[in-house]
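Engineer: Using the sequences provided together with the hints, build the complete structure.
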Amino acid sequence: MSLTTTTTHPHQHLMINSTKHICSWASAIKNSTSPQQAMLIYTTMQRESITFTTHSILFTLKACSPLQNLPLIRHLHAHLFKLNYNTHVYVGTSLLYAYVIVHLGDGCRLFDEMPDKNTITWNTMLTGYSKVGNVQGARVVFDSMPAKDIASWSAMIAAYMGSAYWEEGLSLFRKMMVDHEEFKPDEATLGPVLSKCSGLGSLGLLLGRSIHGFAEKNGWELKMELGTQLVDMYFKCGFLGVAFRVFERMKDKSVASWTAIICGLVHNGHGESAMYMFERMKEAGVRPNEVTLTGVLGACTQLGLVDEGLKIFHNLIEEYRLEPQIQHYGCMVDLLGRAGRLEEAFELINTMRLEPNVVVWSSFLAACKVHRQLDMAERVIQQVLKIVKPENHGGVFTMICDLYALGGKWDEAQRVREMMVDQKVRKARGSSFIRSGTA
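Reminder that position 370 of the sequence shown reads as 370 in this note's numbering, one-by-one numbering, no gaps.
One or more of the hints may lead you astray.
[Unchecked claim] Straight-line C-alpha distance at most 30 angstroms; calculated DSS-like pairs for lysine-lysine:
no.	residue 1	residue 2
1	Lys131	Lys62
2	Lys30	Lys131
3	Lys62	Lys223
4	Lys148	Lys117
5	Lys369	Lys389
6	Lys369	Lys424
7	Lys82	Lys62
8	Lys223	Lys282
9	Lys175	Lys223
10	Lys389	Lys424
[As the list claims (entries may be wrong)] Restraint-style ranges between C-beta atoms, simulated for each label pair:
no.	residue 1	residue 2	range
11	Leu240	Met177	21 to 31 angstroms
12	Thr43	Gln423	52 to 62 angstroms
13	Asp402	Lys184	53 to 63 angstroms
14	Leu240	Asp402	33 to 43 angstroms
15	Met177	Pro71	36 to 46 angstroms
16	Leu240	His314	24 to 34 angstroms
17	His55	His314	46 to 56 angstroms
18	Ser27	Gly199	43 to 53 angstroms
19	Thr87	Glu248	49 to 59 angstroms
20	His75	Pro115	19 to 29 angstroms
21	Tyr276	Val370	23 to 33 angstroms
22	Gly199	Val89	33 to 43 angstroms
23	Gln423	Glu248	50 to 60 angstroms
24	Lys389	Arg47	53 to 63 angstroms
Hints were generated in silico from the structure; no laboratory data involved. Cβ atoms here follow ideal geometry from the backbone N, Cα and C, with glycine treated the same way.
Structural biologist: Structure below.
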């Protein structure tokens with residue numbers, strides 16, 4: 001049998017000769033170049049009454065999941081029921097996964113109807129609750145499981161950490177380590193825990209270093225994901241030397257790994273080192289993404305490298321074919337503003353492909369204040385006052401008052417102060433609306 005796909009029209013029909021070898025049909029679905037092509041083969045099999053095997057059904061379900069098409073999943077469900085595959089535990093679990101990533105309610109009904117469930121079935125249901133943020137539902141599933149494996153613990157810990165239930169997640173992680181020595185944590189377990197360590201102060205750092213020690217004790221090679229999370233954690237906790245050592249020990253480095261070290265250096269005020277690492281990244285043949293370039297532009301701002309920043313911003317569009325995001329514009333406005341090139345900053349804001357946000361405008365106003373350019377500030381103050389929120393942007397109101405006062409426009413300054421009183425504006429102590437490295 002041979003299978004060939006015509007390529008002359010986007011809505012091509014798969015041309016299949018009359019020799020219908022069942023295993024070849026399953027292979028054709030498995031090796032499809034896209035979910036749409038797989039579904040086209042499935043439709044052809046259905047139309048020509050070709051016998052479905054367990055493999056052809058499993059490959060079809062796997063292919064349809066990324067489409068997240070509920071009517072299609074329901075059609076497959078009905079067809080499987082007709083074929084009497086609804087009681088097959090592996091088929092049922094694959095169908096369950098397709099449901100839970102689209103519509104948890106349908107998934108719950110299928111789960112309740114399944115006569116046989118294995119650990120993967122239960123883990124799939126746990127993941128479904130986690131995906132919609134229903135941590136309590138996930139925990140009920142977890143506690144009801146007749147048997148758990150490392151994936152079960154990992155999924156429940158990830159559910160807690162992903163929904164900011166950090167104490168519960170850490171508690172469950174400790175319970176697994178102490179009470180269930182048969183379940184050695186893997187990267188899937190440690191990743192979600194490690195990703196939250198930097199936000200938990202000294203406790204988080206202690207836990208993160210313990211995870212690092214566990215990995216070294218067990219002879220783990222620092223793979224990309226775990227290594228990147230360690231680099232990010234150590235930088236955020238101020239342990240730059242350790243972060244560097246972890247990074248250099250990583251055998252393979254992804255764009256996320258390079259981004260973590262570049263943004264970590266910028267966050268800690270080491271713009272020159274960040275630029276050096278960016279050059280190393282390019283020499284390694286790794287293509288930067290939007291987040292990487294935000295960090296690099298932040299480094300340019302720290303170092304006052306206006307022309308270099310303009311070149312990188314241009315390359316973002318022309319060389320890397322990326323669409324500038326609000327944080328890139330924010331960095332550029334900050335960079336140009338600090339250099340006193342306010343007309344260029346103003347022109348950039350006016351030609352943005354996105355609507356300027358408060359951070360962009362406040363960066364511009366801050367530059368006007370530093371360079372005592374009230375005339376420039378007055379071009380935008382009224383526009384800024386329309387978008388600032390009293391509960392969040394008290395610093396912007398105060399900056400506008402200061403600008404009016406610097407220009408001797410006391411009546412305008414008083415008007416803004418009265419507006420602040422009327423709207424109950426409060427400036428958060430120690431807050432800043434110009435972020436180092438990002439916007």
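Engineer: Would you list, in rising numerical order, the hints stated earlier that this structure does not obey?
Structural biologist: No hint contradicted; all consistent.
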